[in-house]
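Asks: This is what each chain is made of:
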Amino acid sequence: MSGEIEISIKNLNLWFGNFQALKNINIEIQKNAVTALIGPSGCGKSTFIKTLDRMNDLVDNVKFTGEVIYKGRNILDSDTDVVELRKEIGMVFQKPNPFPKSIFDNVAYGPRVHGIRDKKTLHEIAERSLKGAAIWDEVKDRLNESALRLSGGQQQRLCIARLLAVEPDVLLMDEPASALDPIATSKIEDLLHELKKDYTIVIVTHNMQQAARVSSHTAFFWLGEIVEYASTIDLFERPRNKRTEDYVTGKFG
Amino acid sequence: MARNRFTRKLNQLRDDVTDMGAITLQSVEDALAALETSNTALAERVIANDNRIDTLDRKIESQCIKLLALEQPMAKDLRVIATSFKMITDLERIGDWTVDISEEVVTMGKPIHIPVSASKFNELVADVKAMVADSIEAYAQGDVQQARSFEARDDRIDYLYKDIVNNMVNALAQGKCSTETVSDVTSLLYIIRYLERIADHAVNIGNRVCYMEEGERAFLK
Amino acid sequence: MAAKLRETAAIGLLWGAGIATLLILIVILAYILVNGLPLISWHFLTTNPGVRGQQGTGIYSTIVATVAVTGLALLVAAPLSVGGAIYLNEYTKENLLRKVFRQAAEVLAGIPSIIIGLFGFLFFVIYLQPYTGGWSVLSGGLTLAFMVLPISLRISEEALKAVPGELREGSLGLGATKWQSITTVVMPTALPGIITGLILGAGRAIGETAAILLTVGGALGLIHGVRDPACPMTLYIYNILTEYNDTTTAYGTAAVLIIAILAITFTTDYLMNRYTKKLKGL
Ligand SMILES: Nc1ncnc2c1ncn2[C@@H]1O[C@H](COP(=O)(O)OP(=O)(O)O)[C@@H](O)[C@H]1O
Ligand SMILES: [Mg+2]
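Chains as they are written, first to last, in this note's numbering: chain A, 1 to 253; chain B, 1 to 221; chain C, 1 to 282.
Simulated from the structure, these hints should not be mistaken for laboratory data. We treat Cβ as the ideally placed atom computed from N, Cα and C, and that holds for glycine. Honestly, I wouldn't trust all of these hints.
Stated by the list, open to error - Rough simulated footprint, nothing fancy, chain A against chain C, three-plus residues with beta-carbon under 8 Å:
#	segment
1	150 to 164
2	182 to 195
3	211 to 217
4	274 to 281
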């Protein structure tokens with residue numbers, strides 16, 4: 001695997017209480033590329049992706065060991081400023097979760113909590129972010145309407161715009177299209193191809209065709225382990241591991 | 001085991017391709033038997049039978065497209081379909097060459113006179129027949145070892161082909177041929193050229209079988 | 001068939017129970033309003049009560065006392081209960097401390113009001129007399145705060161719990177601090193529930209008599225400060241009934257009390273509905 005590395009994960013283990021949800025994960029995430037995570041439900045994909053922006057901290061009883069090296073530091077260190085970290089590594093969730101506020105206030109939310117008050121600057125950021133998420137044309141005339149009036153697909157792109165507004169480097173997406181219809185889904189996928197020019201993207205998906213379409217590298221998770229990590233074409237055309245083969249050919253899972 | 005229906009369809013596809021291979025192999029054998037025995041009736045039958053191969057080609061092609069479009073196969077499944085999809089073209093081409101050979105047999109219409117070493121010619125014929133048979137067998141069995149042997153066997157066939165061509169050209173040049181046999185020689189030149197092409201397709205099939213089994217496309221020519 | 005019959009019977013029974021509840025409510029309301037409404041006039045609302053149950057006077061000072069005592073109770077209970085709910089729901093993990101807190105609130109809610117009143121009497125009226133002025137609006141309000149607190153704590157906590165986790169994650173995921181997430185996303189979303197809790201608490205405070213009886217003093221004069229003794233409407237009804245058997249004035253005051261409670265309930269209901277709709281973008 002060539003290309004610059006954005007995040008490098010070494011010997012990552014994670015427990016919820018006594019249950020080990022991640023086992024000895026070792027992978028490197030390429031910069032300015034889309035990395036897909038596939039695997040059956042409950043195999044630890046969401047847990048893994050949440051480790052990358054320390055969202056698992058919100059869970060009681062969580063313990064982890066190992067290293068997640070990003071910009072030369074181990075973000076799992078207890079002295080990591082998670083608030084700062086989450087400005088650099090942002091997350092889009094499975095279910096679109098716009099705030100019950102106007103479209104504009106949603107996009108301006110991040111910049112505002114980070115101290116930007118100037119109306120003009122906020123408007124510029126909002127426009128740039130909404131354009132970046134390919135939703136500007138659909139909402140430019142209704143920025144003061146509630147975000148909850150948008151369709152599911154629009155809400156999800158708004159959530160992406162909201163994230164772009166804080167100018168992160170890495171976008172984590174946990175099944176961002178699983179609640180959307182095929183047209184909304186393909187809009188998101190097109191968007192991913194645009195975004196990867198400027199961002200490093202890690203996407204969890206249940207849909208193998210989607211992983212195949214959007215990503216350059218794919219990791220196959222199984223029972224908390226990464227069984228195989230390879231370029232997407234290799235993983236889908238000639239998996240090395242029997243389990244991967246059985247999974248991608250639909251023989252289980 | 002999930003996806004039973006799909007697995008059944010995939011097995012059906014392999015059976016169909018193998019059947020098409022058997023029919024093509026039959027054409028190869030018949031065409032060469034017709035050549036040996038100057039059996040024009042048999043040659044005519046080979047020509048007539050070719051549309052069976054063409055029909056199978058079209059049928060299997062649409063089978064493959066359907067599976068690709070509807071089942072979104074991955075990994076080995078994907079490779080089986082991709083291999084079959086390409087391999088039927090090889091078989092169809094082999095079928096066409098047997099038609100061409102048979103047409104030469106019909107044109108000559110009588111026992112031919114071979115102006116060069118018959119043993120080399122017979123060896124070429126036997127090798128090509130065996131390679132076609134083995135390539136189809138390799139596909140049916142997923143036999144990579146067998147498939148890998150074709151490159152070397154093809155080298156031998158190329159050598160025989162060149163050697164026979166040289167000898168015949170020499171014979172022509174030295175005026176060893178009667179006016180009567182000149183046309184036989186030209187026909188034979190065509191036929192051994194067809195045989196050499198058939199062997200190339202068998203090599204293709206062998207490479208595709210390696211890809212199907214191991215996923216490496218690198219050495220496909 | 002028998003199952004079907006039983007189901008029909010059960011539904012009938014439940015329906016009957018519902019209707020009965022509604023009927024009882026209507027009868028009480030109608031009875032009091034029919035008897036009380038004729039008395040209500042501008043004069044009745046704006047004149048202070050006369051001494052010794054004198055007829056033809058009003059209830060002005062008791063209305064002021066009710067507003068003062070309730071307002072004070074809310075003023076004390078609102079920040080405590082909302083703050084407590086935020087602390088419990090947002091800052092503690094599901095552990096023993098949280099259970100103890102919740103249990104304590106439950107127990108507090110279950111204590112008979114006369115006992116709360118007794119505590120208020122001993123603590124605020126007697127012990128803290130130099131600060132509260134003894135029997136006073138302050139003592140009454142602080143005592144009532146104990147009754148408002150568990151209700152609004154409980155309901156605020158439910159309201160916070162009902163805020164989808166995704167919204168918190170969304171906010172934290174954008175690099176907001178926990179406090180920013182709470183103030184800018186969680187609280188606005190939970191506000192209707194929190195307000196409802198406070199209104200229910202206020203309703204309880206307005207209608208409370210026993211806890212007031214021992215703490216506000218029952219003086220009929222218009223109050224000038226929180227350390228003055230006072231007589232809220234409920235206590236006034238109790239007093240004029242037990243001391244002067246003045247049912248007419250009692251009905252009139254009761255009608256005012258009920259109309260006030262209904263008005264508060266419906267207005268907040270309406271406002272909260274509008275707010276919720278706006279939140280949902282309708
Ligand atoms: N907060 C939690 N507490 C305890 N176990 C959890 C928690 N979150 C996830 N798990 C467990 O960890 C495993 C991995 O879950 P998850 O990462 O959500 O899987 P995936 O996203 O691949 O479907 C599952 O077995 C799940 O039950
Ligand atoms: Mg998940």
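Asks: Check each numbered hint from earlier against the structure, then list the numbers of those it violates in ascending order.
Replies: As far as the earlier hints go, 1, 3 are violated by this structure, in ascending order.
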